[in-house]
Amino acid sequence: MSALSRDDVAHLAGLARIDLSDVELDRMVGELGVILESVAKVQEVAAEDIEPMSHPLPLTNVTRPDVVRPSLGAEAALSGAPQQEQQRFSVPRILDED
Amino acid sequence: MTTAATAEEIVDYDEALERYDPVMGLEVHVELNTATKMFCGCATGFGADPNTQVCPVCLGLPGALPVVNEKAVESAIRIGLALNCEIAEWCRFARKNYFYPDMPKNFQTSQYDEPIAFEGHLDVELSDGTTYRVAIERAHMEEDTGKSLHVGGATGRIHGADHSLVDYNRAGIPLIEIVTKPLTGAGERAPQVAKAYVGALRELLRALGVSDVKMEQGSLRCDANLSLRPKAAGDENQDDVPLGTRTETKNVNSLRSVERAIRYEITRHAAVLDKGEKIRQETRHWHEDTGVTTSGREKSDADDYRYFPEPDLVPVAPTRETVEHLRGTLPEAPGLRRKRLQSDWGYSDLEMRDVMNAGAVDLIEETVAAGATPAGARKWWTGELARRANVEVKSVEDFGVTPAHIAELDGLVRDGRLNDSMARQVLEGVIAGEGTPLEVADARGLELVQDDGALEAAVDKVIDANPDVAQKVRDGKVQAAGALIGQVMKEMKGQADAGKAREIILAKLT
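Protein chains in written order, with the UniProt record's numbering: chain G, 1 to 98; chain V, 1 to 510.
Derived from the structure by calculation, the hints contain no laboratory data. Cβ atoms here follow ideal geometry from the backbone N, Cα and C, with glycine treated the same way. A portion of the hints provided could be inaccurate.
Far from chain G, some chain V residues (derived; all Cβ distances over 10 Å) [as the list claims (entries may be wrong)]:
(1) 35
(2) 51
(3) 68
(4) 235
(5) 278
Restricting the straight-line Cα-Cα distance to at most 25 Å, the calculated cross-link-like pairs of lysine to aspartate or glutamate (DMTMM-like) are [as the list claims (entries may be wrong)]:
(6) 379/V with 365/V
(7) 105/V with 44/G
(8) 71/V with 66/G
Sequences are here, hints too, so could you generate the full structure?
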């Protein structure tokens, strides 16, 4: 597994809309690198006969019937919104941010 | 920041097809008609007040956990089976990460490399009577996004807007995305194939009863991908010519637009390629009013969705018993059903097409089952009712007239109680909510006079009043009797059987 580069971290930060200073970027390269190395250790013991897993529980097909349950109500739903207008969540302009 | 669409160069369609081979890929999103959302119990009704059908799960509030809607999975499997797909024995949901306020979670729960259904096909009939087999790559489950309203700037468009208002009622409604393989070999019929495919898919989904399939309300949406490649030279096989760069046209919201958008893109691509330039891989927006596409965003870094398996949901693993059970619930394929009904009913191709266009196949089937003759059922649904529906921009079901009503009306005509014009008046009454045809006929006193005595008296009176005409009939000009029949009907205030009046007149004069 190739090591994480500073460019990788800058790219990911961009995708995640996280503004990192140069100092923070350097620190994250180190910290994320340690995490990746730790995870890589698991791969060393993962043999051919071990199925990859995405979930710790041996469950499938957990579903619910198609029955309506009460919603929050608009007032409660919008109560955490920094700004609202016309009973809708108001968000800053969507384009032009790049 | 331009909002007006600047016309781009295009070449003549036929010329484009002389030099290039079009290849299409169609992605159709269909909103399921489940009562609740994909991962929570919020209602899904269209047109509710903003943000009244939302909860912590579909708003992506911290700690909320999604649970899969059983019926949505069943619908997805039934769609897959109806499209002749394999159904996955085991598959997972995945997070598609992106930042856009239409998804409050900052990801859309979708499926990535493990779709529930894959490798299928749908045969579509073209107007020349041939069939084109559309190869289906996959059908996967995902959720719809919220709706944004762009404020400031020109007419609700995102460009120039100064902020946006989001309603999350639609966020989380179950969606099935159906993706074709690259469709080749259609040649100049490509736009027609695209339209026929989306139409056939809509018909199939409607027959399955899994969606409202209303393109104008967005419950069926189509993204149309198109690329051109040079026509194979000499004995070169067209399939060996590498594919060109594609563009993806969004916002194609009617069958006619699907056809027009593909056609336009063929002519636009050809113009770019003719100049030796390259097609930019980008999203295009279709403009219904002007019939052109304009450039949207270019594919970029922002499309790095970093998919990963959704940790909050366990895998979906339909047993083979479940799949076979669902296969047993599939309706007859619409194309086969249509052929069977047409033969049962004895309709000509033209008559059957009228029935299809009026959206009256099911109604006629029910009307015939309720006792009407196929001819009578067709006459009312595709005649008077279709005409009114056309004028009032409604569908034939919107008048409160049921198959049982039409069967009753047809019966009244066949029994000789009503003539055609009286039956029309009765139908008016049914539409006006005055009751069943029999009730309307009774209430309005509409009934053919069955008393031959009254009819004979009327005939005698008319013959006396029109000696010249009567003489013509006596002299063998039988067609002159028409004028007398008209007079008799008038005398009887329309409540007589014209056929019978003719019989009596001819009996008296010849």
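**Item:** Structure versus earlier hints, numbers of those that do not hold, lowest first
**Value:** 1, 2, 3 and 7
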